[in-house]
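Following the hints, put chain C in place on chain P, whose structure we already have.
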Amino acid sequence: MSELMLKMAGVNARYGAIQVLRDVNLEVAKGEVVVVLGANGAGKTTTLRAICSMVATTGSIQIAGTEVVGKDTADIVRMQVAHVPQGRGTFPELSVTDNLMVGAYTRKDKEVQSDIDRWMDAFPRLRERRTQAAGSLSGGEQQMLAVARAMMCRPQLLLLDEPSLGLAPLIIEDLFRRFGEINRETGTTMLVVEQNANLALEIANRGYVLEAGEVVLQGSADDLRTNEAVREAYLGA
Amino acid sequence: MTAVTTKSRGPFLTWLKTGSGILTAMMAVIVIALIPAIIQGGLKLFLQRVFDSLNNGAVYAVTAIALVIIFKATTLINFAGANIAMFGAYVCWWLNTSYGFPIWIAVFVAMGTMAVLGSLIERTLIRPFDVNDHLPVVLITFGIAAILEAFAGGFWGLEFHKFPSPFPSDPKDRFTIAGAFLRYETIGTLIVMGLMIFGIYLLLNKTKVGLAFRAVSSNVESARLVGVRTGRTLQFGWALASALGVLGACLVAKQTNLEPAFMAKLVIFAFAAATLGGLDSIGGSVIGAFIVAVVQSMLTGYGQEIPGLGWLKSNFALVLAFVLILVVLLFKPAGLYGTRRIERV
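From first to last, the protein sequence lines are chains P and C. Everything in the first sequence is counted per my numbering, starting at 1 for the first residue and increasing by one. Everything in the second sequence is counted per my numbering, starting at 1 for the first residue and increasing by one.
These are calculated hints, taken from the structure and not from any lab test. One should not assume that every hint holds.
Capping the alpha-carbon separation at 27 Å, the derived lysine-lysine pairs in DSS-like fashion look like this [what the hints assert, rightly or not]:
{"no.": "1", "chain 1": "P", "residue 1": "K71", "chain 2": "C", "residue 2": "K208"}
{"no.": "2", "chain 1": "C", "residue 1": "K265", "chain 2": "C", "residue 2": "K254"}
{"no.": "3", "chain 1": "P", "residue 1": "K108", "chain 2": "C", "residue 2": "K265"}
{"no.": "4", "chain 1": "P", "residue 1": "K110", "chain 2": "C", "residue 2": "K265"}
{"no.": "5", "chain 1": "C", "residue 1": "K254", "chain 2": "P", "residue 2": "K108"}
{"no.": "6", "chain 1": "C", "residue 1": "K254", "chain 2": "P", "residue 2": "K110"}
Next comes chain P alone, as it looks inside the complex (with noise of 0.2 Å):
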């Protein structure tokens, strides 16, 4: 395997009494897509959380070779973290051109204003809607603008959390085109907590599967497509 993006090692975490991850150990490599499978409850957020220090940690989370458990959420973005959280964490009053602008909040460039340009290239509707509340848009519009938005902070490491929840098949479809083109054009990396494990495998080079809080199953993606205990799971076959 090449250099190290993410590398979770002997990771616990904790909302107060009750315990959501036990000793996970988990790898994503530079440029690399790793999904992350398992039923409701899992621990499939809290791992992203546990990420963005957005929960009590322990054990060691290293990215790109820096340690960050115990750091705060604020300088964990500034090494290019970018998080795109369960129901996508728009900000509602904001207009769509604010929310990408909230979305490079770390960077000091002055290349901002083409990144927008060049997001609003990618995704037209968000060009349409720029004025408009982020909260008047649909959900996939919103889901877009969610993935417009972290990837205004230049992200060397996309985390994104089930981002076909409550969208239409046809949307989850091109989303995940969308994720598989960013992927090969921009070279980042990213982890992708996903339920649609059938369209996740299909963009993911690897996968693993959680189930109570630890890692139960890790392989490749096509090795998780064909593993029997993931097809019955969650493949629906």
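Same frame as chain P, now just chain C:
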């Protein structure tokens, strides 16, 4: 026939339930209620009462905006705000009368001083608590209010002090319009309010810290995930609100005179204004401020002539403010132009 009537009434009734609809209806009721008063007392007296209310309206607006800024960021009512403003007005008066600072310099120094104090309060007394657990923070703001009132009384005494006017305030400094007097002070207060609203607009919409503030107000968790330091942003909100509160206090202190509780009395009206306009809407709270001020001026002016209510006299306005808060919370909790649900208070 019935169906047709319902249909044609639909859009109007829908509009009547929006902020602008309710506002128009309220204005209509106020105007109609005032017609007999105007006929009886004359246009001159009526105009005078409108002019008198403008000054209060501007001061309520400034004070209400200070409340709104804290509420937008934290969904909390800052009960310390009034006394932070009061303390700032004392600082201003003290610099002016004891050290000879020109009044406007004293105002700005006092605003800066209380901005620093406000940000320190956020950092030391507010931030350690979970933002979603409102009770401790509300109790802390009550505590801060009590402490500031005690300190002001201790340093400067409980007696009334005359506050220097920041505007030309000779009895002759006034325009005469249709026989009614429009004082330069009133115009000055309105201009300062206008400049302040414009300044806040620029700050929130054209600067990076303003963008961060709007992001935190809209979605705290997502704001953290794009790298906004939410604690510092709230600290900025506290500093801004404290400075604005001081400005409001300095604009009104000439009329009320200084004493440790002078802003605590006034903030009820600002709270009524913000509740009416929408606790998370700056524009709405400005509109609310002028409605409250006009109604207050009319009721204290004409209310004594209403049979059986003469005994209320000037307390009439305070009762009205509470009734207004109650009615808005009961029937339109988000206010005329607010968006946020009030249950989160």
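Quick rundown of the hints versus the structure:
1. P:K71 to C:K208: holds (23 Å)
2. C:K265 to C:K254: Satisfied, since the Cα-Cα distance of roughly 15 Å is no more than 27 Å.
3. P:K108 to C:K265: violated (46 Å)
4. P:K110 to C:K265: Not satisfied, since the Cα-Cα distance of roughly 49 Å exceeds 27 Å.
5. C:K254 to P:K108: violated (46 Å)
6. C:K254 to P:K110: violated (48 Å)
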